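Please work from the sequences and hints to get the whole structure.
Protein chains: 2
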Amino acid sequence: MRRKPGRPPRAEGARDTRGALLRAGLEVLTEKGFAASGLDELLRRVGVPKGSFYYYFDSKEAFGAALIERYAAYFARKLDRHFLDEALSPLARLQAFVDDACAGMARHAFRRGCLVGNLGQEIAALPEAYRESLRAVLADWESRLAACLEAAKEAGELAAGADCTRLAAYFWTGWEGAVLRAKLEGNERALRLFAEGFVATLPRR
Amino acid sequence: MRRKPGRPPRAEGARDTRGALLRAGLEVLTEKGFAASGLDELLRRVGVPKGSFYYYFDSKEAFGAALIERYAAYFARKLDRHFLDEALSPLARLQAFVDDACAGMARHAFRRGCLVGNLGQEIAALPEAYRESLRAVLADWESRLAACLEAAKEAGELAAGADCTRLAAYFWTGWEGAVLRAKLEGNERALRLFAEGFVATLPRR
DNA sequence: CGGAATATTAGACCGATCGTCTACAAAATC
DNA sequence: GATTTTGTAGACGATCGGTCTAATATTCCG
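Note that the protein sequences, when read in sequence, are chains A and B.
Note that our numbering gives residue 63 to position 70 of the first sequence, counting from 1, and the numbers run on in steps of one.
Note that our numbering gives residue 155 to position 162 of the second sequence, counting from 1, and the numbers run on in steps of one.
None of these hints come from the bench; they were simulated from the model.
It is possible that some hints are incorrect.
[Claimed, not checked] Keeping only pairs whose Cα atoms sit at most 20 Å apart, straight-line, the calculated SDA-like set for lysine to any residue is:
{"#": "1", "chain 1": "A", "residue 1": "53", "chain 2": "B", "residue 2": "9"}
{"#": "2", "chain 1": "A", "residue 1": "53", "chain 2": "B", "residue 2": "29"}
{"#": "3", "chain 1": "A", "residue 1": "71", "chain 2": "A", "residue 2": "90"}
{"#": "4", "chain 1": "B", "residue 1": "53", "chain 2": "B", "residue 2": "9"}
{"#": "5", "chain 1": "A", "residue 1": "146", "chain 2": "B", "residue 2": "9"}
{"#": "6", "chain 1": "A", "residue 1": "146", "chain 2": "B", "residue 2": "31"}
{"#": "7", "chain 1": "A", "residue 1": "53", "chain 2": "B", "residue 2": "28"}
All of these numbers come straight from a predicted model, not from anything done at the bench.
Here it is as structure tokens:
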């Protein structure tokens, strides 16, 4: 019993309980996936009682859906930051994303992976509604990368006949595998290996 | 209460309890992963009481380890069947494996994936001993594929300068991603896409 | 053929943890 | 200062992984 019940101050040194839950949820779920992540652990971590959780979210399923949404937004921003960076050539932008991702995984000692990959893997045991959400997220990433590859085409870094949409789908498919492998091996080797292989085999002209 | 206790006949119409547990375990874990798979469900499915489970296996962890071993053996046989098939050219053998895998996933309506991929994804929440096992399995697949690619070199299907080990690592990394994606999408598109992309970008000479 | 030893099953039981829910207190509003 | 809103506290029943004792079939040995 650490605190009396009731509403804590919110106006000033406010504590964004919902936000804290989402942040911690992302940390836990990108590490262990959905099924293996217990609410109790999450709540202990954030220092919030169960009642609060169920005030902000209808269920664990709803919480997961919110996490997917938040992760998609976070990742879309990251992709835009790199893929739309006019200071770099299109292929250099892709490389910058890869470098960023490697640094990100290293920062968490290769324990955390990709939320989409984690949930996709256990999709059979997840709410059916997640499937479409995850698919949509991947489709979104695909179109962002395809646009970057189109830019590469115009910059003469990629053959005019290249199928950018197909290449983008190929990239994200393999990339998810690389993230999984990097987690398993505990190093960035797989990420580098896949990225280099992908770029190396791009049709130049 | 369906049956009186005691040892059932084993000599004739014998029921291989341990084997049945392993078989069902493989089905469940390739679908839902480790954490999401409850012992109770498994036991209900096989029609075996808990006592038997803990007679054959020390713990869920030991059970999982046995599953990894069994899956590795099963998969190694499958790889040998294809990669050592002298009737086909080396690259045709790889294609035969891909076709086989597509058919296999389709047979289970794309619900079951790869045990190594599933467990690898949730490695952070798994017994640490699994990590090395899974790594070793992947390394084994890698060397089998590398040998097949070496054969392709000798057959003139692959450039003499190609780094077969590296290519093999690249393949399995991306392949795991493709399996994950095929599960998520519920079709073989990702498998085909990755396999075609891989073969297409192989250095021919 | 009989009795002891062994192999295997039956399922109650335990502490921990799962996700849900009801009761209530503080802050905000009027 | 009463009511409404916002949020917290923690009890709850179900189920989890795991252990344990009891019971019985089979095998072994004489």
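The hints, checked one at a time:
no., hint, verdict
1, 53/A <-> 9/B, "violated (39 Å)"
2, 53/A <-> 29/B, "holds (14 Å)"
3, 71/A <-> 90/A, "holds (8 Å)"
4, 53/B <-> 9/B, "holds (19 Å)"
5, 146/A <-> 9/B, "violated (60 Å)"
6, 146/A <-> 31/B, "violated (50 Å)"
7, 53/A <-> 28/B, "holds (16 Å)"
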